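*Asks:* This is what each chain is made of:
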Amino acid sequence: MSFSVNRNLGWGLVALGGLMLAALLADFLSPYDPIAQHRESAFAPPARLRFVDAEGRRHWRPFVYAPQTRERIYPLRLMVRGAPYRLLGVISCERHLFGVEEPARVFLLGSDALGRDVLSRLLHGARLSLTLAGAALLISLPLALLVGGLSGFYGGWVDYFCMRLIELFLALPALYLVIALRGALPLSLPPEKVFIAMVAVLGVFGWAGLARIVRGATLSLRRCEFVLAAESLGASTGRILFHHIWPNLAGIVFTQAALAAPGFILAEVMLSYLGLGVTEPLSSWGGMLAAAGGVHQLAAYWWNLSPGAAVFAANLTFYLLAEGLREYADPRLQSPD
Amino acid sequence: MFKLILRRVLVLIPLLLGVAAGAFFLARLAPGDFLAEMSLDPRISVETLARMREQYALDLPWHTQFVRWLGAAFRGDFGYSLSCHCPAGSLLYERIGNTAMLAVTALALALLIAVPPALLAATRRSSLADRALAVLSAMSLSTPSFLLALLAMALAARTGWFPIGGVHSLDGASLPLPLRLGDFLRHLILPSAVLALRSAPGFYRQLRAELIETLSQDYVLTARAKGLPERTVLLKHALRNAVNPLVTMVGNSLGALLSGALIVETVMSWPGLGSLTVQALLGRDTNVLVACLVFAALMLAMANLLADVGLLLADPRAAGQTDVDKQGGVLA
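For the record, the sequence lines run as chains Y and E.
If you count the first sequence from 1, position 333 lands on 332 in numbering that gives the first Met the number 0, and the numbers rise without skipping.
If you count the second sequence from 1, position 289 lands on 288 in numbering that gives the first Met the number 0, and the numbers rise without skipping.
So that you can see chain Y by itself, here it is in the shape it has in the complex (with noise of 0.2 Å):
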């Protein structure tokens, strides 16, 4: 067996480490506060990064003019004061990654209807939809495991009762049941409640698909001889689970979490875009396009079409890291296609 890292995997890793680390880093690497108003510049487009000024001079650092005058260049600066923050939640902190000085601004990805930085509003939109996404597998995993694992060992009534509720769950298209169980929550929730129920919705809706699959799995490994082995020892039953079982379903779960992942991300997305999630003025991907208006707005302004792009680049990270995943556990498939 190789330990070597497959391609898939090691940039899947990168980039879920990349993504990660914007989340983490959110307040620092905006420039702006995500919900202060820039009402004079709404609807700015991204920022051009210019080198060369007015007057035809060329300067070595990438500079941005104040808006309708050419008078002075404001060069992007790092490390700049701007609004406070806590970064990580503890420091005290008020320099962010780069910045211009007043009344200059540097929207790189634009701003919004109400002058808002949407890059700022972008990355503190990771940070939600990536925590939801993480909270929702921390309940979902373990519970697909539970439920699957004592399913496929137990066999008998308690698998056919697992079944039947697995399959209950599974009957409704996957949007529909999170659209029956945030019907379950009242519909407008104050923003620190919005947060609990989301992960509970994500949580419960992404655990019976996860759930068959951990079942099959122990249903095979089952009959294996070491289990049977460790059986007739007299193990009891969670420390076949725990040492032999569990530990052998780690390929299979790990690649079924990435391949989760982009589903539950989806569903947040679709309950912001909906209202049904995390609301203004907290930012969140779906939230944002919700905000991004009509098609006429959105023809005008494509680059409030970012957070398309940014659960694209998650969806593509979680298909690398499902492929890498897949490969690493299982290295016969790996082929040279």
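No wet-lab data here; the hints were simulated from the structure.
Being a predicted model, the structure only gives us computed values, none of them experimental.
Certain hints may be false.
Partner residues aside, some chain E positions facing chain Y, computed with beta carbon under 8 Å [unchecked claim]: (1) Gly21; (2) Ala26; (3) Ala137; (4) Leu149; (5) Leu257; (6) Ile262; (7) Val277; (8) Ala296; (9) Leu299; (10) Ala300.
The C-beta atom is built at its ideal place from N, Cα and C for all residues, glycine as well.
Position chain E relative to chain Y; hints supplied.
*Replies:* Okay, now just chain E, sitting in the frame of chain Y:
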């Protein structure tokens, strides 16, 4: 085969009952109902509200309501839509047709998109085209349907080639039949194309892998050795045998297709089951919501049944295998 269908239909009944009970329970779990909003209206008296609550049986516990609802549902009565002031059933039937139309068109389009490149990639492995298609399919697998739908809308708005949302033009009802059909098709193109682009890469990858597997089989070698033209070998021998797993895959992807349809319908305002479900949720229209969820489950079950029958027709050997649990834990 009839035995199989009969058994599947019988299994469906408890499943649908379970979905209905679950949906009913979940919908009643949330605090407040449609009438709670009306209670804020000063023009409606407390007595009227109490009478309405009694009339719609909203004062009973959820299981009693469920039994009553079930009895009525068996007679085709899915309750009254409080926000539309009409029976919930009448809202549903038209919407289901629209969603089915969208899904079927998208499925056909997706197969049309997926099959020729799969043939190309499988016969010219590791060629430039194969590599390009691998990248392309990974990219389009990662593109969220949200983005595609919004881009399609932006395209329609920019160019005016396609209508923006809906199933009919404003004057659609007054057109003669052939024109009305054309009008419908013009509205159908963009949503079904968006939905098809979501499913196509999965089909492409599956079919390519299967074709590569089949092309290495001995009977393909025999066919080539007999001197059959390459086209016959590819289409009659290889493709015919590679199609069966594809049928299974199509069957497994139907849930994802309906899920995707929900997004496409919501974003592109296609009046289907998905957008009705969302409306019912936002409007706290419990009867419509429950009916929508039950019909979504029914649609998925019927589609799965059709896929199994399709597989049986394509490959009679599958008769013993259809009861084996499908291992496709696809979330969305």
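*Asks:* Next, verify each hint and record whether it holds.
*Replies:* The hints, checked one at a time:
Interface hint at E/Gly21: satisfied, since its Cβ lies 6 Å from the closest Cβ of chain Y, which is below the 8 Å cut-off. Taking 8 Å as the C-beta contact cut-off toward chain Y, the hint placing E/Ala26 at the interface holds, the least distance being around 5 Å. Using the Cβ-Cβ criterion of 8 Å, the hint placing E/Ala137 at the interface with chain Y is satisfied: the shortest such distance is roughly 6 Å. Taking 8 Å as the C-beta cut-off, the interface hint given for E/Leu149 holds, the closest approach to chain Y being about 6 Å.
Given the 8 Å rule on beta carbons, the hint for E/Leu257 holds: about 4 Å separates it from the nearest Cβ of chain Y. A least Cβ separation of about 6 Å between E/Ile262 and chain Y falls short of the 8 Å threshold, and the interface hint therefore holds. Hint status for E/Val277 relative to chain Y: holds, with the closest Cβ pair at about 6 Å, below 8 Å. Below 8 Å, beta-carbon pairs count as interface contacts, and E/Ala296 has one with chain Y at about 4 Å; its hint therefore holds.
Checking E/Leu299 against chain Y: minimum C-beta separation of about 6 Å stays under 8 Å; hint holds. Using the Cβ-Cβ criterion of 8 Å, the hint placing E/Ala300 at the interface with chain Y is satisfied: the shortest such distance is roughly 7 Å.
Checked against the numbered hints given earlier, this structure breaks none of them.
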